[in-house]
Amino acid sequence: MCMICFTEALSAAPAIQLDCSHVFHLQCCRRVLENRWLGPRITFGFISCPICKNKINHIVLKDLLDPIKELYEDVRRKALMRLEYEGLHKSEAITTPGVRFYNDPAGYAMNRYAYYVCYKCRKVCCKLY
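UniProt numbering puts the first residue of the sequence shown at 1, with every later residue one more than the last.
There may be inaccurate statements among the hints.
Straight line, CA to CA, 25 Å or less: simulated DSS-like cross-link-like pairs of lysine-lysine [unchecked claim]:
hint, residue 1, residue 2
1, LYS123, LYS69
2, LYS69, LYS55
3, LYS78, LYS55
4, LYS78, LYS90
5, LYS69, LYS120
6, LYS123, LYS62
7, LYS78, LYS120
8, LYS123, LYS78
9, LYS69, LYS53
10, LYS123, LYS55
If you're looking for bench data, these hints aren't it; they were derived computationally from the structure.
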């Protein structure tokens, strides 16, 4: 059973095995990557395997994954710049052992700041709260 569509057996349609070893229908993987995130805020949970949460990766998905990786790096870079600009790059949320974002300033920044695609220029911009 495909754990993305939950409708057909894996043998019913072309399937691929991701780098994490999980198998899904090719079209289901493509649909998830084409649909991207839900809502206006850019999030990247959709690029995770639904079973193990490792990043989805397979050579036949390269045409969809490459632009997503570029977008991810753009959002990551902007979030880290904003974090440093606000002086939060050494905050307790990053430096305290055992907390969610310990030694992960990029994860903290991407969770803290909301990024959107501008409807006019189609570039990534930050919405301050």
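Checking against the hints above, which ones are violated?
none
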